[in-house]
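Undergrad: The primary structure of each chain is shown beneath.
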Amino acid sequence: EVKLQQSGDELVRPGASVKISCKASGYTFTSYSMHWVKQRPGQGLEWIGAIIPIIDTTEYNQKFKGKATLTADKSSNTANMELSRLTSEDSAVYYCASGIAALFDYWGQGVMVTVSS
Amino acid sequence: DVVLTQTPPTLSATIGQSVSISCRSSQSLLDSDGDTYLNWLLQRPGQSPQLLIYSVSNLESGVPNRFSGSGSETDFTLKISGVEAEDLGVYYCMQATHAPLTFGSGTKLEIK
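Protein sequences, first through last, are from chains U and P. Last residue of the first sequence: number 117 in our numbering, and the count goes up by one each step with no gaps. Last residue of the second sequence: number 1112 in our numbering, and the count goes up by one each step with no gaps.
None of these hints come from the bench; they were simulated from the model. Treat the hints with caution; some may be incorrect.
[What the hints assert, rightly or not] Here are a few chain U residues that sit away from chain P, every Cβ distance over 10 angstroms (derived from the structure):
#, residue
1, Lys-3
2, His-35
3, Arg-40
4, Glu-46
5, Lys-74
[Stated by the list, open to error] Simulated DEER-style distance windows between Cβ atoms:
#, chain 1, residue 1, chain 2, residue 2, range
6, P, Leu-1030, U, Ser-76, 34 to 40 angstroms
7, P, Ser-1055, U, Lys-63, 22 to 28 angstroms
8, P, Asp-1001, U, Thr-87, 19 to 25 angstroms
9, P, Asn-1065, U, Ser-84, 42 to 48 angstroms
10, P, Arg-1044, U, Ser-76, 26 to 32 angstroms
11, P, Leu-1030, U, Thr-71, 30 to 36 angstroms
12, U, Ser-116, P, Ala-1099, 28 to 34 angstroms
13, U, Ser-7, P, Ser-1105, 25 to 31 angstroms
Each residue gets a CB set at the ideal place from its N, CA and C atoms; glycine is no exception.
All chains should be built: construct the whole structure from the sequences, respecting the hints.
TA: As structure tokens, then:
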């Protein structure tokens, strides 16, 4: 059974960074793209970027370059996203989503990041 | 960036009613490889989105066949033939033909 288990909710100070993770199981993690999506409260979905672990290639939405850094730990089948220089605009739920048989066919449960002093 | 315009923004339906959601793209979504990367997602209240339809008309495994997708180039439609209570939520179209991937603004389906 394919599962994407994301790390817990985060409360972070403005200006700080946060790293959230997405542990994959039930499929060959390295062979498929992992995407990250942002959803602000009551709003729609925004694509942040994606990583293909087997070739360590990343692609970013220009809007999130310098904000998000995507990495993959092949030894633990875990995709990570670090968000830097956080502001209130970064308060959102962040999802990981895989593309195995089809793009975005499996999703994590989401991580709520709250930026507040 | 490709803009996906979904209509209507909200939809109210009775159980058993058939409904359609439109998704119009600012550019053709036909890729050079011959595929059209237009997917439909459903986000139920308090849940992660789930894939319903991929590549315009392919039903994701486990999704009821009352859902169907059609269209080409810039005009796409999701149809629900006989709405059920569990279908309430927000429906999104999304495209992966052009970078960056983009989503429509969503259509909220309410059950009367």
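Undergrad: Within 28 to 34 angstroms: is that where the Cβ-Cβ distance between U:Ser-116 and P:Ala-1099 falls?
TA: Given about 33 angstroms between the Cβ atoms, the range holds.
Undergrad: Classify the label on U:Lys-3 as holds or violated, using whether its beta-carbon is more than 10 angstroms from each beta-carbon of chain P.
TA: Answer for U:Lys-3: holds, closest chain P Cβ roughly 12 angstroms.
Undergrad: Taking the closest pair, is the beta carbon of U:Lys-74 still more than 10 angstroms from chain P?
TA: Its Cβ never comes within 10 angstroms of chain P, the nearest being 24 angstroms, so this holds.
Undergrad: Look at the Cβ atoms of P:Asp-1001 and U:Thr-87 and judge whether their distance stays inside 19 to 25 angstroms.
TA: holds, 22 angstroms
Undergrad: Grab the minimum beta-carbon distance between U:Arg-40 and chain P and tell me whether it stays above 10 angstroms.
TA: Per Cβ check, U:Arg-40 is outside 10 angstroms of chain P; nearest 13 angstroms; holds.
Undergrad: Can we trust that U:His-35 is non-interface, i.e. its beta-carbon lies farther than 10 angstroms from all of chain P?
TA: The claim breaks: U:His-35 does not keep its Cβ more than 10 angstroms from every Cβ of chain P (closest is about 8 angstroms).
Undergrad: Indicate whether the distance between the beta carbons of P:Ser-1055 and U:Lys-63 respects the range 22 to 28 angstroms.
TA: holds, 26 angstroms
Undergrad: Is 42 to 48 angstroms respected by the C-beta to C-beta distance linking P:Asn-1065 and U:Ser-84?
TA: With Cβ atoms ~45 angstroms apart, the hint holds.
Undergrad: Given a hinted range of 26 to 32 angstroms, is it respected by the beta-carbon distance of P:Arg-1044 and U:Ser-76?
TA: holds, 30 angstroms
Undergrad: Is 34 to 40 angstroms a correct range for the gap between the Cβ atoms of P:Leu-1030 and U:Ser-76?
TA: holds, 39 angstroms
Undergrad: Given the range 25 to 31 angstroms, decide if the beta-carbon distance of U:Ser-7 to P:Ser-1105 lies inside it.
TA: Holds, since U:Ser-7 and P:Ser-1105 (Cβ atoms, about 29 angstroms apart) stay within the stated range.
Undergrad: Just tell me: holds or violated, for the beta carbon distance of P:Leu-1030 and U:Thr-71 against 30 to 36 angstroms?
TA: For P:Leu-1030 and U:Thr-71 the Cβ distance comes to about 33 angstroms; the hint holds.
This entry does not satisfy hints 2, 4, going by the numbered hints stated previously.
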